[in-house]
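Undergrad: Here are the chains, one letter per residue:
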Amino acid sequence: MCGIAGLIHRGKSGNVGQEMTSMLQSLWHRGPDSSGFGLYGTAQANHLVMRLKLAETEELTRGYGVEREIERRAEQVRERLSELGAKIIEEDSPTVYAHRYVIDYNGDMNKFAEWVQDDHVEILSIGHSLELIKDLGSATDVSEKYNLNSFTGTHGIGHTRMATESDVDIASAHPYWAFPYNDVSVVHNGQLTNYWKFRRYLEHRGHRFHSNCDSELIAVFVADRMEKGDELEEAMNRSIYELDGVFTYIVATSDSLGMAKDTMAAKPLVLYEDDQFVAMASEEVAIRSVFPHEIDTIDPYEEEVRVWHA
Amino acid sequence: MARVEDQHKSQEMGLHDEQLTGRTQQMYFRVEGEEERFQKPFDIEVDFDKKAEIDAENLSATEVNREIKRLMMDGYGTINIKNPGAKHSMGVGFLNRLNLNFEGSLGYFGCGLLDGPNVNVTGRVGWSCGENMMSGRVVIEKNAGSTFGAAMRGGDLVAKGSVGSRTGIDQKGGTIIVGGDAGAFTGFMMQRGRMIILGDTGKNLGDTMYDGLIYVAGKIKDLGVDCVETEMTDLDKHWLQNKLSQYGLEAPNGVENMTKLTSGKKLWNYDNLEPTEKKLIL
Numbered sequence: 001m002c003g004i005a006g007l008i009h010r011g012k013s014g015n016v017g018q019e020m021t022s023m024l025q026s027l028w029h030r031g032p033d034s035s036g037f038g039l040y041g042t043a044q045a046n047h048l049v050m051r052l053k054l055a056e057t058e059e060l061t062r063g064y065g066v067e068r069e070i071e072r073r074a075e076q077v078r079e080r081l082s083e084l085g086a087k088i089i090e091e092d093s094p095t096v097y098a099h100r101y102v103i104d105y106n107g108d109m110n111k112f113a114e115w116v117q118d119d120h121v122e123i124l125s126i127g128h129s130l131e132l133i134k135d136l137g138s139a140t141d142v143s144e145k146y147n148l149n150s151f152t153g154t155h156g157i158g159h160t161r162m163a164t165e166s167d168v169d170i171a172s173a174h175p176y177w178a179f180p181y182n183d184v185s186v187v188h189n190g191q192l193t194n195y196w197k198f199r200r201y202l203e204h205r206g207h208r209f210h211s212n213c214d215s216e217l218i219a220v221f222v223a224d225r226m227e228k229g230d231e232l233e234e235a236m237n238r239s240i241y242e243l244d245g246v247f248t249y250i251v252a253t254s255d256s257l258g259m260a261k262d263t264m265a266a267k268p269l270v271l272y273e274d275d276q277f278v279a280m281a282s283e284e285v286a287i288r289s290v291f292p293h294e295i296d297t298i299d300p301y302e303e304e305v306r307v308w309h310a
Numbered sequence: 001m002a003r004v005e006d007q008h009k010s011q012e013m014g015l016h017d018e019q020l021t022g023r024t025q026q027m028y029f030r031v032e033g034e035e036e037r038f039q040k041p042f043d044i045e046v047d048f049d050k051k052a053e054i055d056a057e058n059l060s061a062t063e064v065n066r067e068i069k070r071l072m073m074d075g076y077g078t079i080n081i082k083n084p085g086a087k088h089s090m091g092v093g094f095l096n097r098l099n100l101n102f103e104g105s106l107g108y109f110g111c112g113l114l115d116g117p118n119v120n121v122t123g124r125v126g127w128s129c130g131e132n133m134m135s136g137r138v139v140i141e142k143n144a145g146s147t148f149g150a151a152m153r154g155g156d157l158v159a160k161g162s163v164g165s166r167t168g169i170d171q172k173g174g175t176i177i178v179g180g181d182a183g184a185f186t187g188f189m190m191q192r193g194r195m196i197i198l199g200d201t202g203k204n205l206g207d208t209m210y211d212g213l214i215y216v217a218g219k220i221k222d223l224g225v226d227c228v229e230t231e232m233t234d235l236d237k238h239w240l241q242n243k244l245s246q247y248g249l250e251a252p253n254g255v256e257n258m259t260k261l262t263s264g265k266k267l268w269n270y271d272n273l274e275p276t277e278k279k280l281i282l
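Just so you know, the protein sequences line up as chains A and B, in that order.
Under full-length UniProt numbering, residues 1 to 310 are what the first sequence spells out, in order.
Under full-length UniProt numbering, residues 1 to 282 are what the second sequence spells out, in order.
By construction, these hints were calculated from the structure, which means they are not laboratory data.
A few of these clues could be false.
As the list claims (entries may be wrong) - Cβ pair distances, simulated, as ranges: (1) A:Glu227 / B:Ser245: 37 to 47 angstroms; (2) B:Tyr247 / A:Pro32: 36 to 46 angstroms; (3) B:Glu229 / A:Lys145: 51 to 61 angstroms; (4) B:Asp49 / A:Gly245: 21 to 31 angstroms; (5) A:His309 / B:Thr233: 22 to 32 angstroms; (6) A:Phe291 / B:Glu229: 40 to 50 angstroms; (7) B:Arg70 / A:His293: 27 to 37 angstroms; (8) A:Gln18 / B:Arg66: 31 to 41 angstroms; (9) B:Lys82 / A:Lys111: 55 to 65 angstroms.
We put the CB at the ideal spot given by N, CA and C, even for glycine.
Sequences are here, hints too, so could you generate the full structure?
TA: Pasting the structure below:
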């Protein structure tokens with residue numbers, strides 16, 4: 001089933017961490033397995049923010065020596081960054097296995113991502129403003145663990161996952177970053193039926209996938225089209241006809257937020273919009289958690305694509 | 001039973017006669033008047049002038065529904081619900097005459113499985129409002145989500161705003177009225193009943209409909225399989241005018257310019273195909 005949500009402040013910043021936490025917590029019944037946030041903070045033009053996962057949930061249950069092994073992996077990441085000529089400006093680790101870096105790096109992103117990652121180290125996001133946080137449990141649990149209630153920014157997306165076709169682990173949790181494109185992330189509710197066909201096509205074009213989740217494909221598809229010159233809205237319109245299945249998804253870039261619904265309109269989305277703020281979610285209760293007073297909302301229709309700018 | 005002339009008039013509109021049977025009440029579709037004729041063998045006696053109010057802000061949907069039932073058992077006939085807060089499954093499963101007013105919006109499955117109440121919602125409703133409704137009236141002042149009136153059997157279900165996709169999917173009776181636009185697959189697998197859309201409709205209108213009538217005032221994106229346009233009669237116009245006026249609604253270009261759609265019934269009679277299929281199999 002899964003729950004998706006998105007919000008954007010127009011022309012200003014807001015407490016997107018707290019707002020997204022309450023929206024996702026309201027959607028907890030749609031997906032209790034994991035919760036994920038793609039939050040867009042203050043852009044750092046000269047620096048990149050990178051979020052890493054150094055271990056998977058299954059490994060963490062192994063007990064003795066796991067933490068030392070994870071610390072060894074963190075040290076490897078530092079060495080690799082140094083070898084690449086990337087300078088670490090800030091480093092912090094909200095959990096043993098989740099690290100956040102602010103980096104000074106201007107080289108090739110594909111090379112960077114391939115160099116830093118290995119079988120145990122997965123980059124969750126890289127961007128000038130994107131920070132992607134995902135973990136098992138409810139939105140409130142994840143938010144407290146990663147101190148997201150104080151996260152200010154312009155926009156964000158979020159997801160509560162009911163695992164249906166892949167494991168209950170952090171790697172399968174949403175949102176997905178469009179590896180290796182900076183600042184592009186996606187959340188999705190539905191199922192793509194031509195996933196493998198399209199994945200092979202994109203892999204032949206040199207893209208690498210980090211999960212077996214169809215949602216990751218949407219992120220890469222949209223980013224790939226934008227690299228070819230499409231505007232975000234154009235890329236999303238194209239996705240409706242090229243991706244097959246039932247889906248509603250929300251995509252975010254460094255300064256934009258967009259939503260798209262498939263031709264069957266089989267997955268829900270409720271939308272609220274005013275001059276200062278746009279919020280959308282699988283269910284209206286999520287929007288009500290930010291706007292408890294009476295508001296007018298709409299359900300976007302089939303094949304509908306909308307994009308808003310921060 | 002429905003009177004012979006009622007059946008005749010129904011058939012003149014292109015419908016089979018329609019006998020809507022709820023657990024506690026029965027109502028027959030009539031072209032003219034449509035006054036309700038209920039049988040109420042299990043009804044609770046309620047007084048419409050006896051009024052009560054529930055503040056739903058800190059209550060779950062189950063608690064609100066339970067409180068409505070308790071008040072109804074005490075004879076309250078008019079119940080106002082404040083702060084419904086778009087919670088799911090509110091106002092569900094009431095099989096009695098009752099005036100139920102929601103001051104705000106409802107979430108999913110609002111007002112489903114109703115057999116008798118008159119409901120007003122001042123806000124909007126989420127997916128599956130009025131699902132399996134048997135009789136009574138539900139009026140939504142704003143928009144509604146998808147599958148509005150799914151599998152509905154009787155009564156009137158009205159959204160004065162726009163509705164999502166698959167409105168009236170598997171509808172088996174009653175009347176659905178939409179003041180604005182309706183999404184894709186409106187009237188999908190419709191079996192009986194009537195639908196009035198005053199705005200535009202999305203693609204595949206009336207796809208695979210078996211029976212029933214759909215009237216559209218706006219633009220139709222396209223028709224689904226076996227949905228065909230048919231001639232509007234004076235009886236249709238009379239009924240549309242009468243029905244819309246009950247809810248203070250009007251067709252933007254007059255009822256005479258609405259499009260009437262029904263089933264082409266090419267896919268309809270599966271029984272005739274069965275022996276052939278059986279021969280092939282055997």
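Undergrad: Find the hints from earlier in the document that the structure breaks and name them by number, from lowest to highest.
TA: Hint check: 1, 4, 5 fail, others pass.
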